[in-house]
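Trainee: Join the two chains, each given in its own frame, into one complex according to the hints.
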Amino acid sequence: MTALLQVEGLGVHYGGIEAVARLDLEVRQGERVTLIGANGAGKSSTLKALAGLVAASAGSIRYDGTDMRALPAWQRVGRGLCLVPEGRGVFSRLTIEENLLMGAYHRGSVPQLSRELDHIYGLLPRLHERRHQAAGTLSGGEQQMLAIGRALMARPRLLMLDEPSMGLAPLMVEKVFEVIRNIVAEGVTLLLVEQNARLALEMCDRAYVMESGRIVLSDSAARCLDNPLVRAAYLG
Amino acid sequence: MDIFLQQLVNGLTLGSIYALVALGYTMVYGIMELINFAHGEVVMVGALVALTVIQALSGQGWPVPLAVLAGVLAAMVVCMVLGLVIERVAYRPLRRAPKLAPLITAIGLSIVLQQLAALIWGRGYLSFPAVLPPVSVAWGGVIITAIQGVIVALAGLIMAGLLVLVQKTALGRAMRATAQNPAVAQLMGVNTDRVIALTFVLGSALAAVAGVMVVAYYNVGNYTMGFMLGLKAFTAAVLGGIGNLPGAMLGGLLLGVVESLGAGYIGDLTGGFFGSNYKDVFAFMVLIGVLVFHPNGLLGSRAQEKV
Numbered sequence: 002m003t004a005l006l007q008v009e010g011l012g013v014h015y016g017g018i019e020a021v022a023r024l025d026l027e028v029r030q031g032e033r034v035t036l037i038g039a040n041g042a043g044k045s046s047t048l049k050a051l052a053g054l055v056a057a058s059a060g061s062i063r064y065d066g067t068d069m070r071a072l073p074a075w076q077r078v079g080r081g082l083c084l085v086p087e088g089r090g091v092f093s094r095l096t097i098e099e100n101l102l103m104g105a106y107h108r109g110s111v112p113q114l115s116r117e118l119d120h121i122y123g124l125l126p127r128l129h130e131r132r133h134q135a136a137g138t139l140s141g142g143e144q145q146m147l148a149i150g151r152a153l154m155a156r157p158r159l160l161m162l163d164e165p166s167m168g169l170a171p172l173m174v175e176k177v178f179e180v181i182r183n184i185v186a187e188g189v190t191l192l193l194v195e196q197n198a199r200l201a202l203e204m205c206d207r208a209y210v211m212e213s214g215r216i217v218l219s220d221s222a223a224r225c226l227d228n229p230l231v232r233a234a235y236l237g
Numbered sequence: 028m029d030i031f032l033q034q035l036v037n038g039l040t041l042g043s044i045y046a047l048v049a050l051g052y053t054m055v056y057g058i059m060e061l062i063n064f065a066h067g068e069v070v071m072v073g074a075l076v077a078l079t080v081i082q083a084l085s086g087q088g089w090p091v092p093l094a095v096l097a098g099v100l101a102a103m104v105v106c107m108v109l110g111l112v113i114e115r116v117a118y119r120p121l122r123r124a125p126k127l128a129p130l131i132t133a134i135g136l137s138i139v140l141q142q143l144a145a146l147i148w149g150r151g152y153l154s155f156p157a158v159l160p161p162v163s164v165a166w167g168g169v170i171i172t173a174i175q176g177v178i179v180a181l182a183g184l185i186m187a188g189l190l191v192l193v194q195k196t197a198l199g200r201a202m203r204a205t206a207q208n209p210a211v212a213q214l215m216g217v218n219t220d221r222v223i224a225l226t227f228v229l230g231s232a233l234a235a236v237a238g239v240m241v242v243a244y245y246n247v248g249n250y251t252m253g254f255m256l257g258l259k260a261f262t263a264a265v266l267g268g269i270g271n272l273p274g275a276m277l278g279g280l281l282l283g284v285v286e287s288l289g290a291g292y293i294g295d296l297t298g299g300f301f302g303s304n305y306k307d308v309f310a311f312m313v314l315i316g317v318l319v320f321h322p323n324g325l326l327g328s329r330a331q332e333k334v
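Keeping their order, the protein sequence lines are chains A and B. FYI, in the numbering used here the residues of the first sequence are 2 to 237. FYI, in the numbering used here the residues of the second sequence are 28 to 334.
Be aware that a few hints might be false.
As the list claims (entries may be wrong) - Listed below are the simulated SDA-like cross-link pairs for lysine to any residue, each with C-alpha atoms no more than 20 Å apart in a straight line:
| no. | chain 1 | residue 1 | chain 2 | residue 2 |
| --- | --- | --- | --- | --- |
| 1 | B | K195 | A | N197 |
| 2 | A | K176 | A | E130 |
| 3 | B | K306 | B | V284 |
| 4 | B | K195 | A | E98 |
| 5 | A | K176 | A | V189 |
| 6 | B | K195 | A | T96 |
| 7 | A | K176 | A | R131 |
| 8 | B | K195 | A | V111 |
| 9 | B | K195 | A | A135 |
| 10 | A | K176 | A | N197 |
| 11 | B | K195 | A | Q113 |
| 12 | B | K195 | A | L118 |
| 13 | B | K195 | A | L95 |
| 14 | B | K195 | A | K176 |
| 15 | B | K195 | A | H14 |
Keep in mind that the hints were calculated from the coordinates and are not lab data.
The following block holds chain B by itself, in its conformation from the complex (with noise of 0.2 Å):
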């Protein structure tokens, strides 16, 4: 019991970052029709930049929240500038073109963000400074760190924000009928193409957070990681219904403790065969579930119009 509960609190923490990058490619999928697979890697910028800010910083003796703030906000400008630069200059120009077109485009984005990542911070594995003190409390026999419970408290936070901003704001209704007719948003006086900026830049804004927690979680941060992140948490999206909002939440979660708690048992259930390294399986298991047996997710709607 004290593993299943361990696994759930760990899932959670986990599943609260896939949830806010899910988010990202929930968007813009929602607002045109896109599957922005360099969204990864907008989190590995996040991620790294904020890691080398606040190396930099508590170097040179910066009080250690002031040095983490500092490094989450460097983040969240740059990869809010990397959002904008990305829709301006690899999809705009597409967003006329067959679907397979941006596809495209967004892999070899994914490709060459990579590459410039590999040119700036090398290839090699970088550490997350130890500056948050290892505080935990043990409840049970489950224990949660500080770091964990924080992870999750922000997550919450900024989804709540999210959902109030797209459900109760001029810009969020502006963002919703873009989505469902852009041009009939246009009548109405919306400058759709920079709803569709701002879509992208407040996803990257969300990824900047997530790419911080993960480096934070994790304490070690490389180029290579927002691949199987962003694959992860595209995951999640499409689990929850791809293009909506609660769903890329719930999907987030559950992806986080159904990969928990496969790794936590997958030793047992196998007597030992296969390890807890076989994690990932379960992640790409439950996307194949999903797109076989209820492609439009657990909240996603058949997209059907009343003409």
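One chain only, chain A, in its complex shape (with noise of 0.2 Å):
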């Protein structure tokens, strides 16, 4: 079977810093693949170059059987690869409502577009009791949840999250993922990156290891879990 999302040799700078080298990669279609490692491993800015926010230095990203480096961010969203940016990223001064349409701006005015709204509001009932709040007055479990429901109005192929946990208390987190966990049996592929490695390796297939930019480990998720150098680096 081959690859949705082929990444081969990946390096990302920051002026001089290289934030990520030669970075290998791959998902399957319906696969649920984690990346984790230590802050400033190189995950986000992994995500941020396969979304197109930052240009990639070197390497390829084949998606679909096309280039992406050729693509703007605000073209690739149109094929289904999919960014939940770290912090949310959720428009505060817009409504909940305004937020989902927003998810579904690149698909431009399509008719079942109510329905999918009811569909979202059923996965998150609390966004629809407030959706013609602005949405920064929404907690920050609840701003998760938003995004994440926007990045469903996009209709994605590839979803992937960037620290969905961050900041969030434990009990929010649970409802987070237990919403990821609807949405991956929904059959979206996942690519999620993580600080909470246990969480995203009970969750997940398969998993990549970062540190300083580059994959030390890659392996299926359960044999990472026994891993005793993932254990004592991510697991405690």
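Mentor: As structure tokens, this is what we get:
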């Protein structure tokens, strides 16, 4: 089976600083893959390069058979390559419903939009109650839910989540991951970057471990959970 | 009382024009935190283009309404192209530069546009052909001319249309999203470069209409007319809260009224020491007052983002 996403030799530089170096990674259709590692290992930079928010300085990004490096960020989402950025990135002065509609922006005006809104509201009933309020009035966890719901409105084929648990209370983390599990069950392919390595490994099929901009380990998530090195470094 | 009401009418007319120009400042500021000091010159270009076209066409015997309409359309097209070129050539290359660079560019651009206009139209005053019938209605002791009525009504329509565009359409949502977080807007599939360019085009179209209003109201145009007008419209935008569309509208109307009332009463208040030619002082007193006491403006919010 060919990969939905095939990354080879990816490099990302900020000025003279190398954030990601010679990174190889692949995600197959329907897979759940996680990228774990310490702070500053280059996980977010990798996702940003895949989404087009930062330019890759080397390597190739093949997604669904096309080279993504030639496309600007705003065209990549149209192919189903969709990133929920670190820090959620909700438009705080837009209403919740406007945020969700922004998710579907690249699809133009499609007739089934209100049905899809209802679907999202079904998954996230809290958002429905407050749909005409500014998104900035939501709590951190609710904003994360909104960001994920907004990404679903984009009809992603490959959903990339950057630190969905960041800054959330444990109970809220559990709720957010519940939502992510439901989405994955609907058949969305997932590339998850997460500080909470145990949570990530428990819900994914395969894992890559990053250190200082490089992949140092690639294995099934189950074997990573048992790997003594991973346990010592990331599972505590 | 009659003087008061008359100056109120005059002020609302003037304020409608300020509001249209202030919207251009505030939209551009809202989306890229840039004060486009060349915006007043766009108004001037719109005014002079319309003046030229209307003069030429009415000289050839076109019916007045058609000639005016053609003048307005020509001014809008020229200004929209000008706005597009300004964004592309002067501001886009500086988007990642320190804030001072685009500001100085804006001032430089303003001088360039003024001098270009002087080359094209000369340094003299161009008079608006007396094509509009001087119709007016007297209402009590207050006289409202037809042109005043048209200016206020047209400005109101345009502003209502703009609010609907920004608040209710997908393009408007994309503009607001780009204003808040351009990177995330791109992740939603928004071509932010195009949205920013469109914002300039839209503001320039409003500037063109405002320019035509100015020459139709005062019957005269000149290559320097954009400077003071731009400065006052900027004041109006700051008064309303820069970046806030209803704020620009409110600020424009208020500033027009303050200026007209000030001009009407300053002679009486100072025992004739200052005449109405000091009216510009009021606009800038307002600017200073706002900056000192309420820098966010009337409707502006402290830009606090919840992280």
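Trainee: Against each hint, give a clear statement of whether it holds in the structure.
Mentor: Checked hints:
At roughly 40 Å between alpha-carbon atoms, K195 of chain B and N197 of chain A are farther apart than 20 Å, so this suggested pair is violated. Simply put, K176 of chain A and E130 of chain A have alpha-carbon atoms about 18 Å apart, close enough for the 20 Å limit, and the pair holds. For the hint pairing K306 of chain B with V284 of chain B, the CA-to-CA distance comes to about 11 Å; that is within 20 Å, so the pair holds. A hinted pair counts as satisfied when its Cα atoms are at most 20 Å apart, and K195 of chain B with E98 of chain A qualifies at roughly 12 Å.
For the given pair, K176 of chain A sits about 18 Å from V189 of chain A by alpha-carbon distance, which is consistent with the 20 Å threshold. At most 20 Å may separate the alpha-carbon atoms for a hinted pair to count; K195 of chain B and T96 of chain A meet this at roughly 12 Å. Using a Cα cut-off of 20 Å, the hinted pair K176 of chain A and R131 of chain A holds, with the two alpha carbons roughly 18 Å apart. Pair hint K195 of chain B plus V111 of chain A holds up; C-alpha atoms about 16 Å apart against a cutoff of 20 Å.
For the proposed pair K195 of chain B and A135 of chain A, the alpha carbon gap of about 15 Å is at most 20 Å, so the pair holds. The straight-line distance between the Cα atoms of K176 of chain A and N197 of chain A is roughly 14 Å, inside the 20 Å bound, and the hint therefore holds. Restraint check: the Cα-Cα separation between K195 of chain B and Q113 of chain A comes to about 18 Å, which is no more than 20 Å; the hinted pair holds. For a cut-off of 20 Å, the pair hint linking K195 of chain B to L118 of chain A stands: about 17 Å separates their Cα positions.
The hinted pair formed by K195 of chain B and L95 of chain A meets the criterion: a straight-line CA distance of about 12 Å does not exceed 20 Å. Under the criterion of a C-alpha separation no larger than 20 Å, the hint pairing K195 of chain B with K176 of chain A is inconsistent with the structure, at around 33 Å. A C-alpha spacing of about 40 Å is found between K195 of chain B and H14 of chain A, which places the hinted pair above 20 Å, so the restraint is violated.
In the structure shown, a violation is registered for the earlier hints numbered 1, 14, 15, in ascending order.
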